[in-house]
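Each step along the sequence shown adds one to the number in my numbering, with nothing skipped, and position 117 is 1374.
Careful: at least some of the hints might be erroneous.
[Stated by the list, open to error] Label-pair ranges, simulated between beta-carbon atoms:
id, residue 1, residue 2, range
1, Lys1394, Asn1358, 33 to 41 Å
2, Ser1329, Lys1363, 27 to 35 Å
3, Ile1328, Asn1290, 50 to 58 Å
4, Phe1275, Ala1401, 51 to 59 Å
[Claimed, not checked] Lysine-lysine pairs mimicking PhoX-like chemistry, simulated, CA-CA at most 20 Å apart:
id, residue 1, residue 2
5, Lys1397, Lys1316
6, Lys1346, Lys1371
7, Lys1333, Lys1360
8, Lys1367, Lys1378
Because the hints were derived from the structure by calculation, they are not lab data.
Note that the Cβ used here is the ideal one computed from N, Cα and C, for glycine as well.
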Amino acid sequence: MIRRKTMFKKGVQFKGLFIFVVLAMIACSNKINSQKIDRLESQRALLALNTYLNEVNLKLERTTLENESLISDIDKANQNASASAADAKKLSDQLSSDPGNQKLAKKASKAANKAARDAKKAGKLNVEFGDTTEMLKMYKEEIASTRDKLKDLKSKIEFMPNTNKSN
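All chains, full assembly: derive it from the sequences and hints.
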């Protein structure tokens, strides 16, 4: 009977050692998996930031093209407004020398209305140009901020332990 007690104790010791080894392996594998998960999540965040950066870059390019188009439109509108104002002034001067001329008064009125419309159109284009210029500034700031975030995230990923031996 004494033999059985010692055998039993050895069996318990072996089972205890076996359970300890299994638990240690599980604990280590969870740590490795946790590191892998953290690294993958950081890489996913990096990809999301890159996607966002690309979207903002596209918006910047579209707004830049729109801004360039507005510059030519503003130039044309300003030329039209100047020409309309000059015509209205010329007709107004003629009307002041002949105040009773109804036909000339009608032409002067139409020219003044056209000058007002052209000036209003030029003003709207100038406001739109100011808005797009402000958007360009905002996009450039957003791009700089996102690039800083990307740089920080890349350095964080570089210093994470790479537990994947195949990469």
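Going down the list of hints, with the structure as the test:
1. Lys1394 with Asn1358: 33 to 41 Å: The hint (33 to 41 Å, Cβ to Cβ) is violated, given that Lys1394 and Asn1358 are roughly 52 Å apart.
2. Ser1329 with Lys1363: 27 to 35 Å: This hint holds: roughly 34 Å between Cβ atoms.
3. Ile1328 with Asn1290: 50 to 58 Å: With Cβ atoms ~57 Å apart, the hint holds.
4. Phe1275 with Ala1401: 51 to 59 Å: The hint (51 to 59 Å, Cβ to Cβ) holds, given that Phe1275 and Ala1401 are roughly 58 Å apart.
5. Lys1397 with Lys1316: Roughly 10 Å between the alpha carbons, so the hint for Lys1397 and Lys1316 holds.
6. Lys1346 with Lys1371: 12 Å, holds
7. Lys1333 with Lys1360: Cα-Cα ~29 Å, so violated.
8. Lys1367 with Lys1378: Holds. Lys1367 to Lys1378 sits at ~16 Å (cutoff 20 Å).
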